[in-house]
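Quick note: the sequence shown uses this note's numbering, first residue 1, plus one each step.
Hints are supplied without guarantee of correctness; some may be wrong.
Unchecked claim - Calculated lysine-lysine pairs in the BS3-like style (CA-CA distance at most 30 Å, straight line): (1) Lys167 to Lys307; (2) Lys307 to Lys346; (3) Lys131 to Lys220; (4) Lys289 to Lys254; (5) Lys327 to Lys406.
Rather than coming from a laboratory, the hints here were simulated on the basis of the structure.
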Amino acid sequence: MNITVVGTGYVGLVTGTCFAETGINVVCVDIDEKKIEKLRNGEVPIYEPGLDVILERNIDKGRISFTTNLKKGIKDSDAVFIAVGTPPDEDGSADLKYVLGVAREIGQHMEDYKVVITKSTVPVGTSYKVKAAVEEELSNRNVRIPFDVASNPEFLKEGSAVDDFLKPDRIVVGIESKRAEKVMRKLYKPFLMNGHPLLFMDIFSSEMTKYAANSMLATKISFMNDIANLCELVGANVDLVRKGIGSDTRIGNKFIYPGTGYGGSCFPKDVQALVRTADEYGHSLEVLKAVESVNYRQKSVLVEKIKAHFGENLKGKQFGLWGLSFKPKTDDMREAPSLVIIEQLKALGANVRAYDPVAMEETKRILGDKIEYAKDEYDAIIEADALIVVTEWSEFRMPNFRILEKLMNEKLVFDGRNIYDPEEMGELGFTYHSIGRNVVSSTEKETINI
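With the hints as extra help, turn the sequences into a complete structure.
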């Protein structure tokens with residue numbers, strides 16, 4: 001079977017590479033010539049664990065190739081995936097110009113039956129806009145070539161995208177014909193053999209499923225952050241509350257860890273787009289609007305704690321910051337809480353020296369010389385007045401606190417991910433601020449600052 005994937009960003013590259021891993025012949029298309037040349041040489045432009053190994057293997061076996069020529073790329077394909085970006089417009093709605101631009105190009109160049117599949121996250125009804133764009137170009141050519149549209153949303157988590165694709169919780173496909181269903185069943189046959197559920201539905205429902213899923217997860221995060229903030233006020237410990245509610249199978253224990261808010265390429269964009277879609281239909285999604293509001297506020301929670309400790313004027317204060325990417329195992333800085341924290345600290349006159357295992361170059365591209373960049377986590381805290389933990393990379397979980405004590409001006413930690421034990425921090429003599437926890441030290445018998 002032959003497929004084409006248009007777009008070699010996060011979704012497109014993972015999709016194409018993982019389909020090649022199942023034995024399908026894949027052509028990946030992108031307009032960026034430099035990126036295509038790097039991919040031909042096995043260079044992965046994004047950080048995603050395991051992707052480089054699979055890509056190199058399938059390049060060697062000739063199952064995946066790369067081109068900037070869409071006409072050439074779709075020539076022998078049974079199906080064409082559209083996996084280009086859908087960035088938010090100023091009003092929060094998804095910008096479909098890239099998706100529809102690809103659809104028009106497909107209509108300009110296709111010569112036989114294709115299934116045109118939207119893999120990009122798109123608002124409900126987009127597949128029919130794709131269909132209209134293809135039909136318009138075919139009409140301009142005065143040709144009648146049969147084709148179908150389908151919706152096949154991705155449910156990939158950055159940092160575990162390869163496993164998510166090869167071992168999916170579910171595969172959702174929106175179709176409108178038996179012929180398209182037959183192609184999609186053949187495409188996903190290797191996954192069916194391993195028992196992964198393939199769910200066929202109408203296209204509108206498929207497109208809605210993607211937005212509803214991400215919005216539900218974002219809701220859980222904002223809910224737990226709001227509860228954590230209340231826990232601090234009433235004297236409860238959010239860690240215990242989390243365990244208490246997470247043991248309820250109706251709620252579950254995933255996405256209920258408090259922190260500094262969600263970021264990344266999906267949750268912020270998708271929540272905004274769904275809210276905007278509802279507004280267009282005269283329906284106000286009040287819950288999701290609250291989710292957005294809570295998340296916006298939560299990104300400032302550590303800075304509020306810092307101001308409560310030092311005061312409003314942070315001029316001359318030095319902060320070491322651990323973790324820049326919005327989550328571990330990725331270099332993605334889109335909507336990262338660290339950017340908000342850094343901006344607010346700089347506005348108050350503070351100096352920031354940061355370290356992240358993989359996101360340093362991307363941060364430099366965004367922030368330039370606004371902050372200092374450390375060579376490792378300990379270099380980041382030299383003569384720091386406080387340590388700020390923003391991203392819960394594994395290597396930050398068990399630092400040598402004696403080294404921290406020697407290098408820092410003050411034994412002070414603001415933990416935005418609750419990765420340290422408050423009682424242990426108290427025993428080590430650190431003033432420790434975290435999210436939603438109020439714990440009594442077993443040695444000093446007094447409440448540790450949170």
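(message) Of all the hints numbered above, which does this structure not satisfy? Sort the numbers upward.
(response) 1 and 3
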